[in-house]
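There are 2 protein chains.
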Amino acid sequence: MRTAFYISDGTALTSETFGHAILSLFPVKFEHKTLPFVDDDEKARKAVQEINAAFAETNEKPLIFHTFVNPSLKKIILTSDGVSYDFLDHYVEPVQAELGVAAQPKTNRTHGLNQDYNFRIDAINYTLENDDGVSTRNYGEADIILVGASRTGKTPTCIYLALQYGIKAANYPLTEEDMGPIELPYDLKMHRHKLFGLTIDPERLQSIREARRANSRYASIEQCLLEINEIESIFRQEAIPYLNSTHASVEEIAAKIMTTAKLKRHRY
Amino acid sequence: MRTAFYISDGTALTSETFGHAILSLFPVKFEHKTLPFVDDDEKARKAVQEINAAFAETNEKPLIFHTFVNPSLKKIILTSDGVSYDFLDHYVEPVQAELGVAAQPKTNRTHGLNQDYNFRIDAINYTLENDDGVSTRNYGEADIILVGASRTGKTPTCIYLALQYGIKAANYPLTEEDMGPIELPYDLKMHRHKLFGLTIDPERLQSIREARRANSRYASIEQCLLEINEIESIFRQEAIPYLNSTHASVEEIAAKIMTTAKLKRHRY
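Chains as they are written, first to last, in the working numbering: chain A, -3 to 264; chain B, -3 to 264.
The reader is advised that the hints may include incorrect statements.
Copies of the same chain look alike in the list, so a pair counts if it fits in one copy or across any two.
What the hints assert, rightly or not - Below, simulated SDA-like cross-link-like pairs (lysine to any residue); rule was C-alpha separation at most 25 Å, straight line:
1) K260 - M(-3)
2) K57 - I224
3) K29 - K70
4) K57 - A93
5) K252 - L124
6) K25 - V130
7) K39 - P23
8) K25 - A99
9) K190 - V44
10) K190 - D36
11) K252 - R232
12) K252 - D36
13) K42 - K260
14) K258 - D37
15) K185 - A207
16) K39 - Y135
17) K252 - E206
18) K258 - Q202
19) K70 - P90
20) K185 - E38
21) K70 - N121
I should point out that these hints are in silico values taken from the structure, not numbers from a laboratory.
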């Protein structure tokens, strides 16, 4: 199997995204290796040794995705037996020409500490402290409050919204109280403009719940059908925007929520 | 202010990473607009209207970062008044030539559901259920267990490790029991090979704690100094690898932990 290297003098997250986006277009399996923090000549030479070893072992030239800002490190990597792709190569000059401003490259520019960093950490703390309806006291501070049946993906989505976009995302599970019908609690109605619903196909919900509490009433298809029906009709009655998470990843759900709820990311 | 657009028929996360990496090289402020899920001609024409409106308003050509897989959508975007950068343009052909395999573009290839998706969701659930030392029962399943004083960044780092890399990351706060010296509990010693320490400069710790519990003993500089000293000497005595989180983002801490602890990401 051919090896793909993602190398950078920082976290290598940009190199990974770049390389992954390109390689995902090809029906080919790769061995993936990430080498972050390659920030001096010695580490660059060690990276070259690793690349050459992968070539010697597989007899296929490794693909190297990198975003080096330091030209001397880049030069060392280019001496390896791999094929090198630097995505800054093709874009810095045209953007420079368009802006009429010279680039000022520095290391760790994309995933280091910046003015929005504390914002994101605050959002993560908020989200963890307001998970699963533990308290509705801080909903005034929320950017969004996800509601839905238990196990529809509310928590991972909230965490992703906080981490990626700096959004303060609370979530509240809608459940039966004393076996009565499901209702929207008063504390949620007060913040109706911040509510966003998640729903899911009952069959999928059953299989997720079954994995957690096998053979329970909670995981039965009857219960899942009942809850999803009641909750979707609440969403419609109360005009709460909602989406179905069955065939979507947290990244997709979060991006859809950002657009639908017109939330502004806090990142740049 | 000039506008930068990030447009895609999927989540636009790749377009954002791509554009952000390039623009971060320039000392210029932008208004950022992300348009995800532009997946039919009508939405593409609406995007063109938004781009043209931004041009009309600012009199500066908007920069457009996109990764369209569908050529007819791309063609529509190219009719706008913006300057367009497609990062697939320059790389698909050379990679294709090197691999000797034709590209098979499909939408939502990078941030949709794939075989590793459940793995990441399991990791998030594991991480939330094993946060802050609530239980040590499931440490057999952990990929890594972060230890350190309260408020050194353990929880956000664990969540990032789970979400980005699919790592099951538990964390345990080292604290004084009955005012005695800080010790490494037996349950942690059993899993010593999985332990990874986080430390922080006492002054920074003080200011973080002060924001949460002003004027408390917990937030005093004496207490912060004492805890950090005791905990760092435990790390050294027990040969626990550790790093200082003071000047690092969660992305940087996580990438360093991945490398130092030789963890394998579960993603592709």
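Is it within, between, both, or neither for K252 and R232, if the alpha carbons may be no more than 25 Å apart?
Cα proximity of K252 and R232: one copy only (18 Å, versus 47 Å across).
Have a look at K260 and M(-3) and pick one of within, between, both or neither, based on CA distance no larger than 25 Å.
Intra 42 Å, inter 17 Å, cutoff 25 Å: inter-copy only.
Cα distance capped at 25 Å. Does K25 pair with V130 within a copy, between copies, both, or neither?
Answer is neither: 44 Å inside a copy and 40 Å across each miss the 25 Å cutoff.
How do K185 and E38 come out at 25 Å by Cα distance, when the copy is not named: within, between, both, or neither?
neither (60 Å within a copy, 35 Å between copies)
How do K70 and P90 come out at 25 Å by Cα distance, when the copy is not named: within, between, both, or neither?
both (21 Å within a copy, 19 Å between copies)
From the Cα coordinates, with 25 Å as the cut-off, is the pair K252 and E206 best called within, between, both, or neither?
Classified as neither; 28 Å inside a copy, 37 Å across copies.
Between K57 and I224, at a C-alpha cutoff of 25 Å, which is it: within one copy, between copies, both, or neither?
neither (52 Å within a copy, 47 Å between copies)
Homomeric proximity label, K39 with Y135: Cα distance no greater than 25 Å:
neither (48 Å within a copy, 34 Å between copies)
Within, between, both or neither, where K258 and Q202 count as close if Cα-Cα is 25 Å or less
neither (32 Å within a copy, 37 Å between copies)
Is it within, between, both or neither when you check K42 against K260 at 25 Å Cα-Cα?
Between copies only: 19 Å across, 42 Å inside.
Since the copies are identical, ignore which copy is meant and state whether K25 and A99 lie within 25 Å (CA to CA) inside a copy, between copies, both or neither.
between (36 Å within a copy, 13 Å between copies)
When no copy is specified for K39 and P23, does a C-alpha distance of 25 Å or less occur within a copy, between copies, both, or neither?
Neither. Shortest intra-copy (32 Å) and inter-copy (29 Å) distances fail the 25 Å Cα cut-off.
Hints 2, 6, 7, 9, 10, 15, 16, 17, 18, 20, 21, counting from the list given before, are not met by this structure.
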